[in-house]
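Assemble chain B onto chain A, guided by the hints.
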Amino acid sequence: MDNLVTANLKQRPIRTIISVIGVALGVVLVVLMVGLSHGVLQEQGRRNSNVGAELLFTRPNNYGPGTSSVLSLPVQYAPKIAEINGVQAVSPVGQYLKPSNQSFGMEMVEGIDIDTYQKVTNLSIDQGKTLSEDNEVIVDPIYAKDKKVKIGDSIDLFGHKFYVSGIYQPEIGARIKIKLSMMQNLLGSKDRCSFVFVKCQTTSNQEQVATNILSTLPGNKVLFTREIQSLYEKGLPAVNTFVKAVVVVSIIISILVIMLAMYTTITERTREIGVLKSLGASKSFIIFEIEKEALLISVLGTLLGYLVAITGRWLIIKNTSLIIDLELKWLLYAALVGILSGLIGALYPALKVANQDPVKALSYE
Amino acid sequence: MKTILQTVDLKMIYQIGKVAVNALRGVNLTVNQAEFVAIMGPSGCGKSTMLHILGGMLKPSSGSVLIDGQDLSKMSDGSRTELRRQKIGFVFQKFNLFPTLTAEGNIRLAERIRLNGNHKNDSERRREILRLLNLEGRLNHKPLELSGGEQQRVAIARALVGSPAIVLADEPTGNLDSENSQIVLKMLQELNGKFGQTIVMITHSPEAASIAQRVVHMRDGQIVNK
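Residue numbers (my numbering), protein chains in the order written: chain A, 145 to 509; chain B, 50 to 275.
Just chain A, same shape as in the assembly (with noise of 0.2 Å):
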């Protein structure tokens, strides 16, 4: 072995493999975070721009990812929209996002007027029945799939049990839907809800149909549920946020992971520096012997990064309803996470190492 990086790497596998595990940890937070975050929010998107309704209308910031849970229309709005040159239908839908029951995260719960709902969307009941009872519940297939519920099995909601009454098609709006009245009183909010999805007479003549309801029922909000999706893709505050949160968490990890292998190892070698400065090694020679080190480390880390969350978002997609998208972008990002950080960590030892005293480090024992 006539390489001082390499030799002094496989010198000591445990501490090298922690670093190379540390700078993965990093890698990993920020695919898996930044996907699952970013995978979530454009799988809401686009089951919510999926459901047939052109229009949506809402108050002014109370649609949207990230916005407030509490129902706060009133539900008198949805026939006076009817009334509307141009709409054809309308509907009321509640939406709650609750923390799941049976796994990590969140999950969305609707609450509709079915009737309505139908005309409006071009929902369907595939298996059982459609809703008839307060404590009956709709699921889309895939729910049915991940949770391994079917028709008669309960379900827990808001403390209260329900039974799986029927499974709709097609995926559209959140997984769970009970029924409107049933959520207005469990949520204690009588005659509220989050929304009213607006049918249009004809398709083309929606920006028309908006106009109409803008100036019908001024300082309110319409959204064309063709621009839903690219709503929820932009993110949001709060999910950028947490995505700048986890890439900073992430950084600091790598950095403090490398600092600590880089800075106890150069501790370990301070007479192999004094015989390396004992021999003409510039201050940028040992800089850049102790940088290689950290970047082999870096590079290790991040492939191995890679795949632990390749395998994780595999495992995750296979068992459980999560999305997780794997962006160019945000893997090259992770890389330089890895990589840089592993630099920046190292550079404070290298830079104490090089400056050492070379009497001093030789009579180090």
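Read the hints as simulated data drawn from the structure, not as lab findings. All clues stand as given, with none of them false.
Calculated cross-link-like contacts (lysine-lysine; reagent style DSS-like; alpha-carbon spacing at most 27 Å):
1. K496/A with K108/B
2. K504/A with K108/B
3. K305/A with K294/A
4. K504/A with K123/B
Residues from chain B that keep clear of chain A, each with C-beta distances beyond 10 Å, as calculated:
5. M89
6. S172
7. R187
8. K243
9. H266
Glycine included, each C-beta is placed from N, C-alpha and C at the ideal position.
Only chain B this time, still in chain A's reference frame:
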């Protein structure tokens, strides 16, 4: 004969707390090219301090050190490192080989540092040195797989990489048994005789000093005779 090393009124004062310790008290030494000089003296007389100053690893408090005409005492740390890279080879008592590298790896590392990216190393000279040091069959072994004598021979080969003007040897036989000491001393002598290598060697051993062309004695930070 060309003067390769000269010290003029070389002084070194260490400040230890409030106490000033005079390690060197005006050392004047001249070494000619291809000369083999042994420096002897009791522990604490300033031998090692002088060797470190001659090798550019310490800056003297006053006086000058001329290596091949260049004054080390006026140089920055970076320039002294550069001069050490080009003109000085060190041999240590404890060998100081890199334990993770093979014998060849240790020598190649020195080549990488000394030649600084310049690959025009003298492979014929390298082969001859390895032959002289009887290391050709031991190059793929790591230091722990070598005897003390072999390790010191690798360290000598490493010190000779890049044809330094001076080899500074700090008690090169201090960690060796008498048999290996004899082998190493003989090899240093051959290097001096065959390649005209200038060697300055610190030693406690009169037997080791006896192979040098000249012996310098130090006491209390001064040269007491030449």
